[in-house]
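Q: Can you build the whole structure from these sequences, using the hints too?
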Amino acid sequence: MFEDVNVVQLTVFTILFAAVSVLGFVAARWRRADDLEHLDEWGLGGRNFGSWITWFLIGGDLYTAYTFVAVPALVFGAGAIGFFAVPYTIVVYPIVFLVLIRLWSVSHVHGFVTPADFVRARHGSSTLALLVAITGIVATMPYIALQLVGIEAVLKAMGVTGHVPIIVAFAILAAYTYNSGLRAPALIAFVKDALIYVVIIVAVIVIPYKLGGWDAIFGAAEAKFEASPNPGDGVVLAGPAQLQYATLAFGSALALFLYPHSITGVLASRDRNVIKRNMAALPAYSFILGLLALLGYMAIKAGVVPIGFDAATGEAGDSNTIVPVLFDQMFPSWFAGVAMAAIGIGALVPAAIMSIAAANLWTRNIYVEYINKDATPKQEAKSSKLASLVVKVGALLAILALDPQFSIDLQLIGGIIILQTLPAVAIGLYTRWFHRWGLIAGWAAGMAFGFWATYQIPKVAYSPEGEVIILKEHFGGSGLPLTELGFDTTYSIYAGFLAILVNLVVCALATLVFRAMKVPDGEDVTKSSEYFADQDDPRLRDMPEVVH
Amino acid sequence: MSQDIPESTRRAERSDHSQWNWLLVLPLFATLIPMLYNRTSPELFGIPFFYWYQLAAIAIGVTSTLVVYRMTRR
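Chains E and H, in that order, are what the protein sequence lines are.
Following the working numbering, the numbering of the first sequence begins with 12 at its first residue and continues without gaps.
Following the working numbering, the numbering of the second sequence begins with 5 at its first residue and continues without gaps.
Heads up, some of the hints might be wrong.
Covered stretches of chain E (chain H as the covering partner; in silico rule of three or more C-beta atoms under 8 Å from a C-beta of chain H) [to be verified]:
1) 220-226
2) 409-419
Every beta carbon over 10 Å from chain H, so not counted as near; a handful from chain E, in silico [to be verified]:
3) N17
4) L267
5) R288
Hints are computed from structural coordinates only; laboratory data are not their basis.
Beta carbons: idealized from backbone N, C-alpha and C, even for Gly.
A: The following block contains the structure:
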């Protein structure tokens with residue numbers, strides 16, 4: 012378990028990890044509530060976070076440890092396409108700016124905790140709400156599991172192998188999330204984000220200096236991609252890859268704030284201005300993510316070899332380890348330890364918030380809806396706390412008992428399936444034109460298309476002679492070659508983008524059909540003025556009652 | 005004209021409508037058309053255009069959202 016361990020690194024890592032664990036438990040007393048046994052407190056931190064806390068919380072929530080290892084890994088392997096994370100996180104905030112304040116307002120008036128709560132009230136359909144809840148849980152679960160992959164990559168780079176350290180880390184995480192709820196990741200996010208900012212800023216100054224400048228770094232990358240037989244890689248996009256780049260960035264941006272954990276962060280904020288200010292301030296993280304992506308090129312120049320790579324057997328190794336290995340090579344041990352801890356702690360914040368969000372979906376939209384209709388606030392909180400444990404155990408098992416590749420595949424689909432809730436949630440905030448059964452039909456069609464499309468996409472590699480080698484027949488990526496749809500072209504497109512188009516078309520057609528058949532529409536218990544309510548508004552009650 | 009003002013004021017009170025909101029479209033045009041920036045030159049400190057342009061485009065996103073926030077604050 013501990014062969015070739017870098018003692019200094021591991022010590023620094025362990026100290027920082029232990030320190031944030033203490034913070035996680037102490038968080039229960041932070042901005043103390045009268046009673047933590049209420050979902051507004053445990054699950055939304057009292058719905059009272061100001062601009063700074065929200066900035067750290069949502070930043071810590073959206074820019075996950077997995078992002079930090081996987082984005083540079085993609086740039087390392089394929090080049091420019093991996094940089095889609097930057098346009099993606101530029102456009103997301105202007106897109107959701109107006110949408111989120113509407114969601115916040117109506118959720119505050121009615122006391123909604125989850126997106127499915129809103130759907131239930133807006134469209135008057137418990138079936139649709141259940142579908143939105145299940146979609147959210149299914150999309151979130153593999154995302155939690157991938158945070159473990161992030162921690163594992165760091166541990167591997169420090170020479171620590173085996174499952175015990177991960178189990179311990181997750182057990183501690185589970186315990187303080189159970190204890191402190193959303194306050195734990197909110198407090199830990201301060202440490203996580205501060206560490207990330209320091210590490211990345213140091214990295215983009217020190218590493219290029221050591222490697223002979225950006226010229227040398229990009230020169231090495233160009234040389235690598237020129238030598239590579241893959242026609243799709245390069246430091247700029249190959250012509251046909253541009254469509255996929257743009258649709259991937261746009262589709263991912265549409266999906267991001269449909270994820271339950273993003274919405275949890277938004278609903279926890281104090282008023283509309285907190286959200287608006289954060290839409291302007293959160294791109295600071297996008298800048299860091301962009302710099303981080305460039306670490307992939309630095310790794311090329313530095314000659315980083317992924318752990319597990321073996322030229323003799325053709326074993327590709329774990330590409331997620333390239334950033335930790337780069338840190339290990341470039342930094343003195345103590346600072347490499349800090350850098351590893353930044354990534355490791357970076358996994359804890361999103362994992363906690365995601366498990367809280369999934370647990371809230373379970374409680375509000377399944378437990379209260381179908382199992383215990385008269386649940387007290389205390390029972391709701393209890394149910395969520397227990398569910399957050401179950402979710403984490405599930406994620407742990409998914410990584411330890413199954414091939415982690417399963418979680419990676421699922422997460423890939425996760426973005427596509429969560430996007431299918433867009434008509435019910437995001438468009439639903441603006442209009443009730445869609446019939447509730449139309450929304451259900453559209454959801455089903457979008458899901459079916461998304462699965463079909465990703466099933467068609469193989470994962471390929473290229474032999475030195477330029478021949479295509481199929482590594483995996485199905486679920487090999489999210490770029491659907493347009494030839495699959497009968498077009499004679501080399502272009503690919505983000506499967507999720509097509510899936511949401513299919514969804515919208517079916518939604519509209521089915522709506523017309525159901526209206527013509529005079530199928531009764533659901534009752535809308537929200538009022539249009541409620542979409543503009545703010546904190547100091549008389550319409551807004553201090554402790555919103557639960558609306559079912 | 006004078007009758008329009010109370011109407012528009014009332015509308016502003018209970019909606020998020022504003023001409024400034026159109027600024028939010030700008031970052032999408034700036035970043036979602038890769039043809040605009042998919043090349044290596046001009047380089048900046050040895051960084052190809054593709055990369056430094058997109059990093060700089062973050063400022064376009066920030067400015068748009070910031071202006072909309074300031075101008076629609078009540």
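Q: Taking the hints in turn, state whether each one holds.
A: To see whether the hints hold, each was checked on the structure:
1. 220-226: It holds, with 3 qualifying residues against the three required.
2. 409-419: violated (count 0)
3. N17: holds (31 Å)
4. L267: Nearest chain H Cβ is 14 Å from E:L267, so the label holds.
5. R288: E:R288 not clear of chain H: closest Cβ-Cβ about 6 Å, inside 10 Å.
Taken one by one, the earlier hints fail for this structure at numbers 2 and 5, listed in ascending order.
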